[in-house]
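In case you want the letters, here they are:
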Amino acid sequence: MKQAALAEAAGISASYLNLIEHNRRKIGGKLLVQLARTLEVEPGFLADGADATIHDTLQAAARAAVDSFGTVPETGRIDDLAARFPGWTGLIAAQQKRISGLEAAVEGLRDRLSHDPVLAEAMHEVLSSVAAIRSTADILARERDLDAAWRARFHRNLHEEAERLSARATAMLGHFEAPDARGAALSATPIETVEALFDASAHHFPEIEEAGAQAIPAILARSPGMEDAATRALGERMLSRYAEDAQRLPLSRLLPAARACGFDPGALLGLGAGDVALVLRRLAALPRAEPAPSFGLAICDASGALLFRRRLASFSIPRFGPGCPLWPLYAALARPGQPDAGLLEMPQGARFRVWAVAQPVAQTGFGTAPVVQATMLVAPHEATGPASAGGNLAAQPILAGPGCAVCPRETCPARR
Amino acid sequence: MANRILLVEDEANILEAIGFILSRDGWDVRGHGKGETAIEEIDRVAPDVLVLDVMLPGRSGLDILRDVRARSETRDLPVLLLTAKGQARDREQAMSLGANAFLTKPFSNDELIATVRALANGHATGTAQPADTPRDDA
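As you go down the protein sequences, you meet chains D and P in turn.
So that you can map any letter, position 355 of the first sequence is 355 in our numbering, and since no number is skipped, the others follow by simple counting.
So that you can map any letter, position 66 of the second sequence is 66 in our numbering, and since no number is skipped, the others follow by simple counting.
Distance ranges between label pairs, derived from CB positions:
# : chain 1 : residue 1 : chain 2 : residue 2 : range
1 : P       : 12        : D       : 237       : 43 to 53 Å
2 : D       : 163       : P       : 34        : 19 to 29 Å
3 : D       : 287       : P       : 108       : 51 to 61 Å
4 : P       : 108       : D       : 118       : 20 to 30 Å
5 : P       : 120       : D       : 361       : 51 to 61 Å
6 : D       : 34        : P       : 108       : 49 to 59 Å
7 : P       : 108       : D       : 70        : 29 to 39 Å
8 : D       : 244       : P       : 12        : 55 to 65 Å
9 : P       : 108       : D       : 101       : 31 to 41 Å
Chain P stretches covered by chain D per the calculated footprint, using a threshold of three residues with CB under 8 Å from any CB of chain D:
#  : segment
10 : 14-27
11 : 105-115
A few chain P positions that, by computed beta-carbon distances, are all more than 10 Å from chain D:
#  : residue
12 : 3
13 : 43
14 : 48
15 : 58
16 : 63
17 : 66
18 : 67
19 : 72
20 : 73
21 : 74
22 : 75
23 : 93
24 : 95
Treat the hints as calculated values from the structure; they're not laboratory data.
Note that beta-carbon positions come from the ideal geometry of N, C-alpha and C, so glycine has one too.
Just chain D, with the same shape it has in the complex (with noise of 0.2 Å):
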């Protein structure tokens, strides 16, 4: 993109914006935020932080390469290498960053194969078409002797069967490509179509935070799926926590502390007055313009079952079944009430902060155990800014995956 374009696409002079690439004038904000999105990168990409954030890209690079190919590239001089070469560091970095996206798709697509009984019907008539190919073309390929009935019955299967494959393999595509979260066939669960309606709004809701509750009915009325009664309500439910979360720590609020802080979770627990997952959710359900970092947030009970994903794009969250058992989120669980917080190394080397805590939602009666949930923040390491105290930040990362049935970690001890 041309200099006077991007000026103009973030509403300044073009001297403005060369003052600001040459480290002239600071750069915050709005601002910070409409350049990052009209060149679509992350805001701490740009803001001071751009050295560390190739620094800590090109170190995941690296990372992988040891994994991936053997080859040890020299960490040491990284920053040697980014001051000589600005323009091939941010090409490597932006390619790993490219590599890790694709990455997490694929662990993605891995987990609707085990898991969509649709996808899984859809890839066994493909292989079963090419299964029938391969042993008719063997056969015809290798029996010298075949008799020319024979022979043509297979010439005729051959052709039948390309024509299925043909017909089978663009019908696998389509499921493919139906909207992630929202293709009818892929997405049936309620739990799936409500979090589609929260994708839909990027789990931000400007009604609720202006007018309450009153605002849901709208919402749901002008969401898909919402006929259906089970969605619905559960629908209604989250919304309304959504709503309850607004009142009881509203933006106005939140959002002075937190720009003060740079969007850091462990210096902003005290806005919940103890209860530590109301922050956590209210950081994942920040206004889009906000600098902050992108937040995902995975919410399960006491069995590990996931009742509620904000999904990043590189922090792979199964569709079905449970998720890592080394994400604190389940080790927050055994400490109702700790909060916690770690730093997650994910196979291919991206890294993520992570904040988790466990505590009780209701009451079953006098001398009985509480019902817990635990809900568990996270955000790429490279976003983040220097991690406030407590927790294990500081501590050597978790070596941990996006759960056993599509990590790659064969030798893991926690694998199921």
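Got chain D sorted already, so can you dock chain P onto it with the hints?
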């Protein structure tokens, strides 16, 4: 007298192709395409080896395998399961239910012949490996 093999597979062209090569290998081949009547067909045909597709109309191959192992008359029948690539869970379940071998589609004719021969000779092959030698009659 030739050993008898029953192929329970709903894809007619697979049935015809593998039926043909197994016949050429000396087997008395019988085919059946429906899951829900497979058990009756097994009783009727009394095969020496059973080849079962996992995904069948009416009843899955895994359910049929469970019944085969539960019935005294078929408990020891050698069973080869046909699964599709990427369905590791099917394979794990097949082996835990007592399948003697499995092949993943698309398999080669050589793999099929080698696996069926191994089963007939009383060898449980587990994960069938691709045959690295040409067939005798090729």
